[in-house]
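Trainee: Here is what each chain is made of, one letter per residue.
Protein chains: 6
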Amino acid sequence: MANRVAVYRKEHFNAAHRLHNPSLPQDENQRLFGKCNLPNYHGHNYELILKVTGEIDPRTGYVVDTKILSNLVNEHVISKFDHRNLNLDVPEFSNLNPTAENIAIVIFNILRPLLSEQLDLQIRLYETPRNFVEYPTS
Amino acid sequence: MANRVAVYRKEHFNAAHRLHNPSLPQDENQRLFGKCNLPNYHGHNYELILKVTGEIDPRTGYVVDTKILSNLVNEHVISKFDHRNLNLDVPEFSNLNPTAENIAIVIFNILRPLLSEQLDLQIRLYETPRNFVEYPTS
Amino acid sequence: MANRVAVYRKEHFNAAHRLHNPSLPQDENQRLFGKCNLPNYHGHNYELILKVTGEIDPRTGYVVDTKILSNLVNEHVISKFDHRNLNLDVPEFSNLNPTAENIAIVIFNILRPLLSEQLDLQIRLYETPRNFVEYPTS
Amino acid sequence: MANRVAVYRKEHFNAAHRLHNPSLPQDENQRLFGKCNLPNYHGHNYELILKVTGEIDPRTGYVVDTKILSNLVNEHVISKFDHRNLNLDVPEFSNLNPTAENIAIVIFNILRPLLSEQLDLQIRLYETPRNFVEYPTS
Amino acid sequence: MANRVAVYRKEHFNAAHRLHNPSLPQDENQRLFGKCNLPNYHGHNYELILKVTGEIDPRTGYVVDTKILSNLVNEHVISKFDHRNLNLDVPEFSNLNPTAENIAIVIFNILRPLLSEQLDLQIRLYETPRNFVEYPTS
Amino acid sequence: MANRVAVYRKEHFNAAHRLHNPSLPQDENQRLFGKCNLPNYHGHNYELILKVTGEIDPRTGYVVDTKILSNLVNEHVISKFDHRNLNLDVPEFSNLNPTAENIAIVIFNILRPLLSEQLDLQIRLYETPRNFVEYPTS
Chain A
28 MANRVAVYRK EHFNAAHRLH NPSLPQDENQ RLFGKCNLPN YHGHNYELIL
78 KVTGEIDPRT GYVVDTKILS NLVNEHVISK FDHRNLNLDV PEFSNLNPTA
128 ENIAIVIFNI LRPLLSEQLD LQIRLYETPR NFVEYPTS
Chain B
28 MANRVAVYRK EHFNAAHRLH NPSLPQDENQ RLFGKCNLPN YHGHNYELIL
78 KVTGEIDPRT GYVVDTKILS NLVNEHVISK FDHRNLNLDV PEFSNLNPTA
128 ENIAIVIFNI LRPLLSEQLD LQIRLYETPR NFVEYPTS
Chain C
28 MANRVAVYRK EHFNAAHRLH NPSLPQDENQ RLFGKCNLPN YHGHNYELIL
78 KVTGEIDPRT GYVVDTKILS NLVNEHVISK FDHRNLNLDV PEFSNLNPTA
128 ENIAIVIFNI LRPLLSEQLD LQIRLYETPR NFVEYPTS
Chain D
28 MANRVAVYRK EHFNAAHRLH NPSLPQDENQ RLFGKCNLPN YHGHNYELIL
78 KVTGEIDPRT GYVVDTKILS NLVNEHVISK FDHRNLNLDV PEFSNLNPTA
128 ENIAIVIFNI LRPLLSEQLD LQIRLYETPR NFVEYPTS
Chain E
28 MANRVAVYRK EHFNAAHRLH NPSLPQDENQ RLFGKCNLPN YHGHNYELIL
78 KVTGEIDPRT GYVVDTKILS NLVNEHVISK FDHRNLNLDV PEFSNLNPTA
128 ENIAIVIFNI LRPLLSEQLD LQIRLYETPR NFVEYPTS
Chain F
28 MANRVAVYRK EHFNAAHRLH NPSLPQDENQ RLFGKCNLPN YHGHNYELIL
78 KVTGEIDPRT GYVVDTKILS NLVNEHVISK FDHRNLNLDV PEFSNLNPTA
128 ENIAIVIFNI LRPLLSEQLD LQIRLYETPR NFVEYPTS
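Those protein sequence lines, which keep their order, are chains A, B, C, D, E and F. Heads up: the first sequence runs through residues 28 to 165, numbered per the working numbering. Heads up: the second sequence runs through residues 28 to 165, numbered per the working numbering. Heads up: the third sequence runs through residues 28 to 165, numbered per the working numbering. Heads up: the fourth sequence runs through residues 28 to 165, numbered per the working numbering. Heads up: the fifth sequence runs through residues 28 to 165, numbered per the working numbering. Heads up: the sixth sequence runs through residues 28 to 165, numbered per the working numbering.
No lab work stands behind these hints, which were simulated from the structure alone. Keep in mind it's a predicted model, so treat the numbers as computed, not measured. Take these hints with a grain of salt, some might be off.
[Said to hold, decoys possible] With a cut-off of at most 30 Å between alpha-carbon atoms, the simulated DSBU-like pairs for lysine-lysine come out as follows:
id, chain 1, residue 1, chain 2, residue 2
1, B, K62, A, K94
2, E, K78, D, K37
3, D, K62, C, K62
4, F, K107, E, K62
5, A, K94, E, K37
6, C, K107, D, K62
7, B, K107, E, K37
8, A, K107, C, K37
9, E, K107, D, K37
10, B, K107, E, K94
11, F, K62, E, K94
12, A, K37, C, K94
13, C, K94, B, K94
14, E, K62, D, K94
15, F, K62, E, K107
16, D, K62, B, K94
17, A, K78, E, K37
18, A, K37, B, K62
19, F, K107, D, K94
20, C, K37, A, K37
21, F, K94, D, K107
22, B, K37, E, K78
23, D, K62, C, K94
24, F, K94, C, K78
25, C, K37, B, K37
26, B, K62, B, K37
27, B, K62, A, K62
28, B, K94, C, K107
29, C, K107, F, K94
30, C, K78, A, K62
31, E, K94, B, K37
32, C, K62, D, K37
33, A, K37, B, K37
Generate the whole structure from the sequences, applying the supplied hints.
Mentor: Right under this line is the structure:
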């Protein structure tokens, strides 16, 4: 494992969302999520960082070509999330509260099967410059 | 005018919006605004920078106390825009397309009457780190 | 452990300090700490990032509410450190050199007992954008 | 004036200060400056940006060599302000409240005589990423 | 002029260059440009910010569509400068030293004729986060 | 291991490079590396972050003095890489493709023997703000 290198690629998307658990009464949603629960949505410039860890291919000097990685995440994630309403437009959140934690797991679950099993994947998602999450984590 | 100093204060708010001119047909809206016109809204982490220019008060060494400036913009702008849908929740945009340009002018028009006439005010608004506007400008 | 997520929250405080070990002679302090040992203090805009790792609560979609986390760190750390002199005003440093390393450990020791045992805590502290530390670390 | 170009150079220094006007009673200082008036000082990572405007020298393609500009500001400003207490260690503030506004003017007055009269100089000083000033300004 | 708004759009390109004036002897080049004159080139991540100032179009709420602006700069500037050697690959610099000042003027001269005369254009170019230029400037 | 702290130090260098594997035919190089393979080089502002992990020295409160760390990396890495062409001027890349992955490993191999065995070292290298790597990694 001595020569494993992590490669990071940063992307972004702009989306609307609100935090809401439809299985809870509205006053409990209001108590739990405060202004994040307001009915007409708000939004964020999400910054998404993929971390892909593996061994260097001696032919290329790459663990993974960040251009290919960028194309992959744009085709399978950004094109579906960018300029959308996560609650209304992205099927994965029709029954899942779009917290940063859950968005990160959804993105991981989309991308994980598309990468070689010899590569590890970790997602970091910035909802704002001050609030961000990482998945998976040890 | 030799001792005029500009004081900047940065604030932020998170909001949803869509670009749409209701007086135009929908296909023209789609052509003009592309994915920014999608019906269910998207959103941004807006960064707002106030520039207030004036002479230094010799008692304080301040042109303006940035704490007071921050309170002013939080009371009159941030509390109304943050975690809201600009199109639906902010009356100023009920008939005005919430482009960055128009949002900057609306914020200027809210704050200008609240500041001393001896102070100049300029608004810079970042919709994303790559798209931003400034008003007024010479 | 499959669904553990790390949640990060960024806060800041501005403080004065100097590096000085009172148990060493002054010329040794000067040799070890250089201009950081100057007698009248200097200061920094400290950026503090909390990393809290745990399982997602299925009711909320949160590992931890960053609002609650922010309130906690403001009440127990920021209110005591911000706009203070770490050497003179913060009892933890009356006999402890306020290096970034030691400040991070002090903050960890304040916050650790206030969080659920099921959550892991890590502190990252930026003294400047170019010098920063992390504790604990494996 | 068609070919005038502005050249910017960014430097930084770390310093302690407190806001205090010794000609005012202490309760007035406390009211005006709040926690910035606390007696034992606090501090900042100041970011300083010089803007030097002039015509391009056709031999070099430079308005001014940023290396020379950096040396100049390091010799005459940074070496005197960095890791110091502005109130106690910098003679210019022995009778001048070290607000960001006043620090910017002091730096301008130090550097202005050291630059060719054919060059314009403007100072931008960041006390924090959210509070900054500019001098002179029209 | 009351309703003029400035719209900013940020782009980037990565390029190699060296500073060299072929009409001067080599020892003078070495003296003037130091390590920037080394023969085998070095390089930068250039950040380019366009500022376009004009009146808001009441139909769109835009001064200029930043998407159109981005396409324009990508077609006419980025595609020619990105991943190139400015001295060897960009004809404008075959007899012009590629200082940040000169690169900014070259970009301005490419884009100015492509924009409506009712719009003002200003270029800001970051060679590094600490060295940047602006053209034209008053 | 309870009191291990990681200390980070950020440095930077500007260099030219191209991606090219001389043991492969040119059309394969072109296919693999695209515009990064263009013959006349391009370049980057590389940001380099050292992470050094160890126990705090109770005399100093430091794991490692970041000033000493900075001097070390400047003497052994920055002075050799900065303002150079990695392919032509840095012997380590005469037979090694200067991808970010390989540059990080080269820097690690230079610095590792210069640090105490009781300290762990990790390299993070930013080729651009959106593409970066880390070595070693678990």
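Trainee: Which of the numbered hints above does this structure break?
Mentor: Of the numbered hints, all hold.
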